[in-house]
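Student: Protein sequences appear in the order of chains A, B and C.
First residue of the first sequence: 1, per the working numbering; consecutive thereafter.
First residue of the second sequence: 1, per the working numbering; consecutive thereafter.
First residue of the third sequence: 1, per the working numbering; consecutive thereafter.
For the record, the hints were derived by calculation from the structure and aren't laboratory data.
From the three backbone atoms N, C-alpha and C, an ideal C-beta is built for every residue, glycine too.
Mixed in with the good hints, there may be bad ones.
[As the list claims (entries may be wrong)] Lysine to aspartate or glutamate pairs mimicking EDC-like chemistry, simulated, CA-CA at most 16 Å apart: (1) Lys192/A with Asp382/B; (2) Lys192/A with Glu396/B; (3) Lys333/B with Asp295/B.
[Unchecked claim] If we take Cβ atoms under 10 Å as the criterion, some of the chain A residues that face chain C in the derived model are: (4) Leu131; (5) Ser298; (6) Leu300; (7) Thr301; (8) Ser303; (9) Gly306; (10) Val309; (11) Gly318; (12) Ala320; (13) His325.
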Amino acid sequence: MTELRQPNRTQSRVARLGTLVTPWEWSALALLFAVVIYFTVTSSFFSGQMLTMTEAFIATGVIALGLTPVILTGGIDLSVGPLASVSGLVMATLWHGGMNIWLASVVALLVALLIGLVNGVIIVYGGIQSLIATLAIMFVLLSVATAIAGTNPPYGFPSYFTAIGYGMVGPIPIQLIIFAVVAIVAVVGSTKMAFGRTLLMIGLNPGAARYSGIRVNRQLMLAYLVCSFSAGLGGLLMAAYYNAARSDLGNSLMLPALTMVVLGGVDIFGGRGRVAGVIIAVFILGWLTQGLLSNGVSPLTASMIGAVVLLVVIGIKGVASGGLHLGPLRKTQGTASGGIHS
Amino acid sequence: MTRSTAPHINTASTPEPQHRRLREGLTVVGANMDFSSVRVLNDVSITFKPGEVHTLMGENGAGKSTLAKILSGVYTATSGDFSLDGAAITLGSPRVALRHGIYLVPQEPALMPHLSVAENVFLGAILTRGRLIKHIDWKTMRKRAAEVLAIVGLDIDPDAAAGLLTIAQQQLLECARALVHRADVIFFDEPTSPLTDTEVARLFVVIRDLRTQGCALGFISHRTDEVLDISDRITVLRDGRVVDSVDRSEANEQRLILAMLGHSLTPAKQIEQSRTEGGPVLSVRNLNSSGWFKDISLDVHPGEVVGLAGLVGSGRTELAETIVGQRKADSGKVTFLDKDITGLSPAKVLHRGLTYLPEDRAKHGIFADLSVQHNITASILDSLHRKFGFLNQRSERTLATEMGDQVQLKPSWLLNPIRSLSGGNQQRALFGRLLLNKPHATILDEPTRGVDAGAKADIQQMIRRLAAEGLAVLVISSELEELVQVCDRVLAIYEGRIVQELTGKQVTRVAIGHHIVGSQATHE
Amino acid sequence: MNDQLAVNHGSNVMDDSTADARPDKGNRRSKRWSDLLRLREIQLTLLIVVIFFAMTAYRPGFASQSNVEFLLLGSVVLGIVTIGQTIVIITKGIDLSVAPIMGLSAVVTGMLAQQSGLPITAAVGIALAIGIVLGAINGLLVVVGHIPPIIATLGTFGLFGGFQFLVTNGAQVSSVPGDFNSFGNGELVPWIPFQVVLLVLLTAAVTVVLRWTVFGRNVMAVGNNESSARIAGVRVRWVVFLTYVISGCLAGFAGLVYVAHVAAATAVTGTSDNYHLQSIAAALIGGTLISGGRGNVVGSVLASLFLTLTLTSMVFLGIPAIWNYGGQGLLILAALSLEGRGRASRPLGRGSR
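In isolation and in its complexed conformation, chain A is listed as follows (with noise of 0.2 Å):
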């Protein structure tokens, strides 16, 4: 019994999950550090700043690490940006209007959360395919924020709550924190429970996941709550932070949250990535864009130099890979009501 190919080591190291880091992430870190050496080289401000700097784009990251799981089963949340808008503005109006600040974020997430189950009924039960399905409710969310927002969209939160946007421990800001604890759990979650096994499944076979007795309909749902909940706490981290909540914060997350997601090797098309990759990923873009930010580059040419290395990364990838990458995101990934559909 011959075996037609024998696969190199590289592939056979890549195949055992439990790896420790991926040549993907190797070339990462690289990235990563050639960015900081870059700007401790350049901005005096810099290493010194790095820390502090985080806080602008903790909130961000926090929205792509909830964007991958997601992702990973080759589908897409177009709304996290309007629902982290919605989110802020939820807490902001329930405190303005007396409620415990705390209490009105916690009802904040739980819209959050409900909105994900909304998106995931819709996709998962209505058969409607993420893409346009979340587009459309990101429609409706960009209006519901700005219905919210009113005239006058709160802001002046108590010192307490903002310290969660731009306070310290010791050297370390909050915000950081909380994204170290956000980024455990999600590695935890992928690499330790079944959870990221059958979203890489979900995304690699759909129809073979289902046959395997997986459980596609919640798995997908689940991806689809977790998103939701990521993008409200980047919302609520995002009004500590600008200490207002405004209806058009969150529009402008999507597109670097879903940079972050594929810089760090997540397949748009599903099936390959690890969320490791993302929180380097994460940083990456991050300090690039604050350190051009502070290096006294315009915030516009920012973004499009942040442009400019997601093509030339995903470019390198796809070149080296070889072959057209022709293909939209999974077609739709639940089930009307029994039968296949893969």
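Based on these hints, arrange chains B and C on the given structure of chain A.
Tutor: The following block gives chains B and C in isolation, referenced to the frame of chain A:
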């Protein structure tokens, strides 16, 4: 903008091309093919003569498909000399091969599902008309397509969307395409795997017809009975080398299998005899699904292997999927271990001990990029939990290793991505996945499809062995010989209904074949 | 490729205009009406007519000449962009950068007209050139860089959007010369703006190309089965590259129509109105499959009209502007959920015959 266009034939300015008359045929001398560092073809020399069906036999990975792809331009050989009627040719691309009149009917029909049948037939040879403004000549395409489809016996509206065709129909469409391209050398890569006996017979009529017209035909298969039926000459490849090449008159099954494997096979049934005892493990009563099957009732007892025979499209896979909960039935009842499981979700059915091996390995079976180990443990992840939902990865490794052993997978393969395994070994891995659930019953849908002869025999023996150990097995197969080899009882399905049950000595190829086409006469 | 064969199990019952759904030779005469009703174009036309008459009944002013022209012109810009998007989606791609391409074209031509009196004819050339060049960048990224289209155009979305900011540099277009105005708002006959005629011609042209030219069939082939198309001799990379050039070109032209019609353009034109997302929505509602291989240009244009109509209706119904997006979103969801998953039941025991 000629650069962006596929080869097309302008009907206004081009007369109908004539059939070339081959004299000597297509000859290969000393072909070698390397994929990275693996030598897949080693010094292969062979000739395909006009008016002859020359079959390439061999196990999966023996190189027969690769050779056909080289000859049709899909791959480029690392080295080797090719000549057509004595004149040297290079086969750099499929287009070049087509120009030489060489066409490959691929194993997986190349289909454009949203385009019409006619357009699919003319793929690569779209007809245009007009000299100033070149536009598509739908009318002529439709007409010629209808003609060619009639020749291959495909009774289909040329305007129909090709995605609606059954696999058998797709195969015939590929043959129609070969005709349209006026190919003189036509290769058929494992065309019969998804076909029923009737469809194979029809295909063979087309092939014999092409032979009479003077085409050189290359036929790739590992099914000895079909090979002995259709071939004029048989060449056997093993590990990329030619090990035997005979005229049909000198060939027999023993010799061919010996050449392919290097050893002979022991038929499965001689190995294990199974006994059934006690009541049925799986009971189906009056199961209905409109459009697929009607009023199905059957029992499977522990220790017995029951076969489900039928034509492609007779509803067997749909029946299996309904039993295990992947589809909803309109009415009827499924009982498993004395409990009603009708309408339960597939996950629940699986966890109760009724497993299902899907027909389509690629689509519903393997997670290509995951390791073999992860593929094997895919359905028992739920039970590998420690506290707080953490995965017990050490147990996982142990279980996978032991199961790998049981299904004869080398331990060193376990950590490789499953796509690097041959079809037979992938199937073993999937068996492993099933068995880890400790099932009481299992439904196997085409368990040896796309599996080479050696692994096939092993799998068939494994099925008998599992039954002997007490497993209740329901096997769906389109290979009548396999059913005869493996099953204690066979249920013949025709048009969604069980029309006959054959037991013991009644289980013969002829009898089964009789009933699955709805023949009423009693068998001999 | 195997995913496509899921069509075999009777997925979307709603038909398209490319091929008949039933393979049997018989049964073509009967069920004529239900077939027609299944055509997405017919469904949309009916919807549009129904909504239009309902709104007119509610507010007779809805059917006024100025409103009808406004409706039609509003859908022209979206329609042109959507046509380009449709072609890209057919090849299993997507173009998120149409919004900034449109915006850049609007801003550049508008500013040149406003500041230097650029004549409309030259403006057309510039608009097309901008679209072609930017579309070519997209094409190169996908075809040479092997970057998945969604990511490539995500990147160029940011990049071109940045260009748009740089070009405007804080200024904006607030007026356009007369010839622009006639280009954008002029009418051939009363009630029918010139641009609408252009759109109709464009739709016809693209439909003809897709159906009757070798290039068009190549586009369909690539979207159906890339590897088979390649083996059959189609130059897949070139075809895909061209689809992005076409999409960019059309987006560029749409930008010019926009600025000529609205007489305004800013650094966020195109992006602020989410033309990228709207064009995707319109294409899908119009019957194009996101999984590629099947497209409906007429449907896309009708869907653009449909979306614009509903937006205008919301305004007329007094729904506050902040709910514009929300309304559209709900509409898209409703439209797509109606697509349903009707399973065509197969007759028993088809076997091989």
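Student: Take the hints in turn and mark each one as holding or not.
Tutor: Right, here's what the structure says about each hint:
With a CA separation close to 13 Å, the supplied pair Lys192/A and Asp382/B stays within the 16 Å bound. Note on Lys192/A and Glu396/B: the hinted pairing holds, with a Cα-Cα distance of about 12 Å set against a maximum of 16 Å. About 10 Å separates the Cα atoms of Lys333/B and Asp295/B, which keeps this hinted pair within 16 Å; it holds. Hint status for Leu131/A relative to chain C: holds, with the closest Cβ pair at about 6 Å, below 10 Å.
Hint status for Ser298/A: holds, given a least beta-carbon distance of 9 Å to chain C, under 10 Å. A distance limit of 10 Å between C-beta atoms decides the matter here; for Leu300/A the minimum to chain C is near 5 Å, and the interface restraint holds. At about 7 Å, the closest approach between the beta carbon of Thr301/A and any beta carbon in chain C falls short of 10 Å, and the interface hint on this residue holds. The interface hint given for Ser303/A is met, as the beta carbon of that residue sits about 6 Å from the closest beta carbon of chain C, less than 10 Å.
The closest approach between the C-beta of Gly306/A and any C-beta of chain C is roughly 7 Å, which is under the 10 Å cut-off, so the hint is satisfied. Checking Val309/A against chain C by beta carbon gives a least distance of about 9 Å; that is within 10 Å, so the hint holds. Annotation: Gly318/A was flagged as interfacial toward chain C, and the flag holds, the nearest CB pair being 3 Å apart, inside 10 Å. Of the supplied interface hints, the one on Ala320/A holds, with its beta-carbon coming within about 9 Å of a beta-carbon of chain C, less than 10 Å.
Because the closest C-beta pair between His325/A and chain C is about 4 Å apart, less than 10 Å, the hint holds.
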